[in-house]
Amino acid sequence: MLTFTIRRMLTSIPTLLFISIVIFGLLQLAPGDPMAQVPLTVPPEVKQKMREALGLGAPVHIQYLKWLNQFFIVEPQFLIDWMTRDSFLFGWLPDTQFSMVYDPELEKMVPQQRNISWQTRSPIMDIVIQRIPQTLWVVGLAYIVGILIALPIGIYSAYRHYSVFDQAGTFITMVGFSIPPFFTGPLLIVIFSVTLGWLPSIYDTTHVVNDWASFKYQLSQMILPVMVLALQTTAQISRYMRASMLDNLNQDYVRTARAKGLKEGVVVMVHVLRNSMIPVITVIALGVPSIFGGAIITENVFGVNGIGQLLITALFANDIPMVMTITFIFAIMIVVFNLIADVLYGVLDPRIRYD
Amino acid sequence: MTDTANEIDPYAALQDKEPGKPPRNQWLDVWDQFKKHKGAVFGGGFLIFITLAVLLGPYLWTVDAQKLDIRNKNVRPIWIAIWDGGAKTLWHRPFGTDNLGRDLLAQMIAGGRASMAVGWTAMLLSLSIGTGVGVAAGYFKRLDGLLMRLTDLFLSLPILPLLLVAVTLFRQPLRANFGPEGGMFILIVVVVGLTSWMQTARIVRGEILALKEREFILAARSIGTTSGAIIRRHLLPNVISPIMVSATLGLAVAIITESALSFLGVGFPSDFPTWGKMLADAVPRMEEYPERVLLPGIAISLTVLGVNYLGDGLRDALDPRIRGR
Numbered sequence: 001m002l003t004f005t006i007r008r009m010l011t012s013i014p015t016l017l018f019i020s021i022v023i024f025g026l027l028q029l030a031p032g033d034p035m036a037q038v039p040l041t042v043p044p045e046v047k048q049k050m051r052e053a054l055g056l057g058a059p060v061h062i063q064y065l066k067w068l069n070q071f072f073i074v075e076p077q078f079l080i081d082w083m084t085r086d087s088f089l090f091g092w093l094p095d096t097q098f099s100m101v102y103d104p105e106l107e108k109m110v111p112q113q114r115n116i117s118w119q120t121r122s123p124i125m126d127i128v129i130q131r132i133p134q135t136l137w138v139v140g141l142a143y144i145v146g147i148l149i150a151l152p153i154g155i156y157s158a159y160r161h162y163s164v165f166d167q168a169g170t171f172i173t174m175v176g177f178s179i180p181p182f183f184t185g186p187l188l189i190v191i192f193s194v195t196l197g198w199l200p201s202i203y204d205t206t207h208v209v210n211d212w213a214s215f216k217y218q219l220s221q222m223i224l225p226v227m228v229l230a231l232q233t234t235a236q237i238s239r240y241m242r243a244s245m246l247d248n249l250n251q252d253y254v255r256t257a258r259a260k261g262l263k264e265g266v267v268v269m270v271h272v273l274r275n276s277m278i279p280v281i282t283v284i285a286l287g288v289p290s291i292f293g294g295a296i297i298t299e300n301v302f303g304v305n306g307i308g309q310l311l312i313t314a315l316f317a318n319d320i321p322m323v324m325t326i327t328f329i330f331a332i333m334i335v336v337f338n339l340i341a342d343v344l345y346g347v348l349d350p351r352i353r354y355d
Numbered sequence: 356m357t358d359t360a361n362e363i364d365p366y367a368a369l370q371d372k373e374p375g376k377p378p379r380n381q382w383l384d385v386w387d388q389f390k391k392h393k394g395a396v397f398g399g400g401f402l403i404f405i406t407l408a409v410l411l412g413p414y415l416w417t418v419d420a421q422k423l424d425i426r427n428k429n430v431r432p433i434w435i436a437i438w439d440g441g442a443k444t445l446w447h448r449p450f451g452t453d454n455l456g457r458d459l460l461a462q463m464i465a466g467g468r469a470s471m472a473v474g475w476t477a478m479l480l481s482l483s484i485g486t487g488v489g490v491a492a493g494y495f496k497r498l499d500g501l502l503m504r505l506t507d508l509f510l511s512l513p514i515l516p517l518l519l520v521a522v523t524l525f526r527q528p529l530r531a532n533f534g535p536e537g538g539m540f541i542l543i544v545v546v547v548g549l550t551s552w553m554q555t556a557r558i559v560r561g562e563i564l565a566l567k568e569r570e571f572i573l574a575a576r577s578i579g580t581t582s583g584a585i586i587r588r589h590l591l592p593n594v595i596s597p598i599m600v601s602a603t604l605g606l607a608v609a610i611i612t613e614s615a616l617s618f619l620g621v622g623f624p625s626d627f628p629t630w631g632k633m634l635a636d637a638v639p640r641m642e643e644y645p646e647r648v649l650l651p652g653i654a655i656s657l658t659v660l661g662v663n664y665l666g667d668g669l670r671d672a673l674d675p676r677i678r679g680r
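Quick mapping for you: the protein sequence lines, in order, are chains A and B. Residue numbering for the first sequence follows my numbering, starting at 1 and increasing by one per position. Residue numbering for the second sequence follows my numbering, starting at 356 and increasing by one per position.
Not one of these hints is a red herring.
Quick list of the computed label-pair ranges, beta carbon to beta carbon:
hint	chain 1	residue 1	chain 2	residue 2	range
1	B	I541	A	M109	50 to 60 angstroms
2	A	S220	B	K567	57 to 67 angstroms
3	A	H61	B	A574	51 to 61 angstroms
4	A	G197	B	N427	27 to 37 angstroms
Just a few of them, taken from the derived set where beta-carbon distance is under 7 angstroms, the chain B residues facing chain A:
hint	residue
5	L508
6	P516
7	T523
8	S656
These aren't lab readings, by the way, just hints derived from the structure by calculation. Here the structure is a predicted model, which is why all the values come from computation and not from measurement. Quick reminder that beta carbons are idealized off the backbone N, C-alpha and C, glycines included.
Could you build the full structure based on these sequences and the hints that come with them?
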């Protein structure tokens with residue numbers, strides 16, 4: 001298993017490189033000039049200098065390698081320094097100085113040049129790290145809620161196959177599967193915010209939770225986006241859960257378990273459920289990246305100040321380094337969760353041996 | 356002895372009054388099974404209805420979707436008058452008008468045209484790429500490793516962000532070459548088609564790998580049939596059912612993707628209605644005019660729901676193990 005995991009991790013490196021080349025190539029091919037917004041009164045030679053300062057003068061492969069260097073070497077160094085300096089978890093460790101380089105002119109240590117956003121002129125990773133918690137709160141909670149709703153629905157509709165509950169459940173999951181989030185979002189806003197006035201329609205990111213009332217407000221503003229995202233998750237996962245339970249309920253070992261006098265609850269909830277969870281867990285792992293993709297739309301609808309909205313604003317502002325970094329973060333997530341799913345499958349199912 | 360010999364008529368089977376029925380067509384069986392799935396029949400019917408509506412609609416409802424009629428702006432749909440007599444409704448604007456006085460029914464038809472055209476074309480494109488790659492990978496052993504590796508790589512691309520990037524960045528040159536609508540149409544179709552063929556390719560490859568080892572392929576090869584003819588005559592007709600099922604899924608994905616892009620404001624130009632664009636334009640004023648959100652939203656959702664049900668029914672109907680149950 002360990003060799004498989006290591007081999008699988010090694011093969012994901014070329015995958016990531018391929019994806020980075022695709023993203024980089026796409027952005028290179030794209031028209032659009034970062035100097036387009038610089039006033040026309042700026043003389044051309046100054047413009048050329050500005051271009052070089054942004055690293056645009058270099059040949060394409062140099063730009064690509066520099067970008068890789070920034071993403072995989074420089075930024076992790078800054079992350080380690082930040083963790084040993086400020087973070088709660090590793091703050092007790094002695095402070096590291098990985099990200100500092102010696103500047104002979106100033107004769108002291110200065111931070112390395114970081115990958116900056118053309119839009120805000122600040123390091124991209126800092127902005128991304130500021131935005132990630134909002135996305136994680138909404139998306140992560142939505143995913144957990146979705147799974148918690150989906151599993152019982154899937155189990156029960158498989159156990160009572162063709163019952164009214166099963167029919168209704170399959171219909172509702174089909175509907176949830178088909179209605180796009182950019183319609184459920186406004187629909188729920190019309191119902192719960194406009195007509196009933198129960199919940200706020202816009203997610204207030206600046207809201208600080210410090211007492212019971214503000215906590216309740218935080219909960220109420222999270223309900224709508226979480227529900228929209230959870231509907232999609234629920235629909236997908238309960239379908240898988242139902243199919244997987246149905247496969248297992250007809251197996252011979254179920255009859256054996258009943259024949260030896262086990263209670264029905266034990267048969268279903270222990271024997272069948274544990275076996276049916278194997279494919280479902282991999283599906284859950286595989287679904288994590290796609291729900292982040294879906295969050296792009298949901299964040300846009302509810303005004304959540306997360307990473308998806310950052311991508312959209314960066315795209316409209318032609319902020320290519322930012323777009324590239326965020327897209328690549330999404331890609332890394334997909335590759336990592338594919339890896340996790342593969343490994344989990346091998347760990348959970350003893351019948352599967354990769355070696 | 357002779358009595359019993361007379362009683363038993365040894366030639367009864369040869370003296371049937373009517374000739375034996377010809378063997379039933381496979382597609383009749385499929386149709387019988389398909390009819391049993393009520394949701395699939397509804398879904399297929401709705402898809403046909405919406406396709407006909409957007410194709411024939413402009414001839415029946417001849418109002419121009421782009422025509423501004425600023426005096427009759429913000430007209431509510433006619434059914435609002437049932438419970439709200441004071442609402443501004445007009446009989447010749449049954450679905451109402453938007454904030455510039457454009458007729459909503461005509462916009463729905465025009466928008467549906469765009470959405471369905473994008474959906475069908477992108478689906479056909481992704482289907483042909485997927486089938487091509489799948490057949491090539493399944494049939495030619497030399498290509499298998501390479502093509503499947505490529506499929507895996509495409510599967511790990513972040514699709515929605517890449518779609519957004521591609522559409523935003525390549526909008527200008529294509530618009531300059533093919534006109535604002537034509538350029539956008541080509542861009543969205545190509546981009547959706549290029550990013551959604553992977554599932555089809557995997558399914559088709561699996562089927563081809565299994566079929567390739569069967570005796571009839573061996574027989575075909577032994578009489579000297581070329582690879583191209585084997586693929587065209589023997590393999591493709593046998594993988595038609597998984598292809599049809601993934602076609603329905605592809606149509607649903609393409610319609611949703613186009614609407615999502617339009618919703619995020621990177622789709623078609625602002626004066627060209629599509630369902631996603633109408634939905635996005637209506638969101639800021641949905642408190643006063645919820646029907647403008649509901650109409651395109653319900654249209655998208657019902658179409659996708661219908662297509663998904665159609666796919667479900669087709670999968671059941673085309674699977675010979677389920678058929679007849």
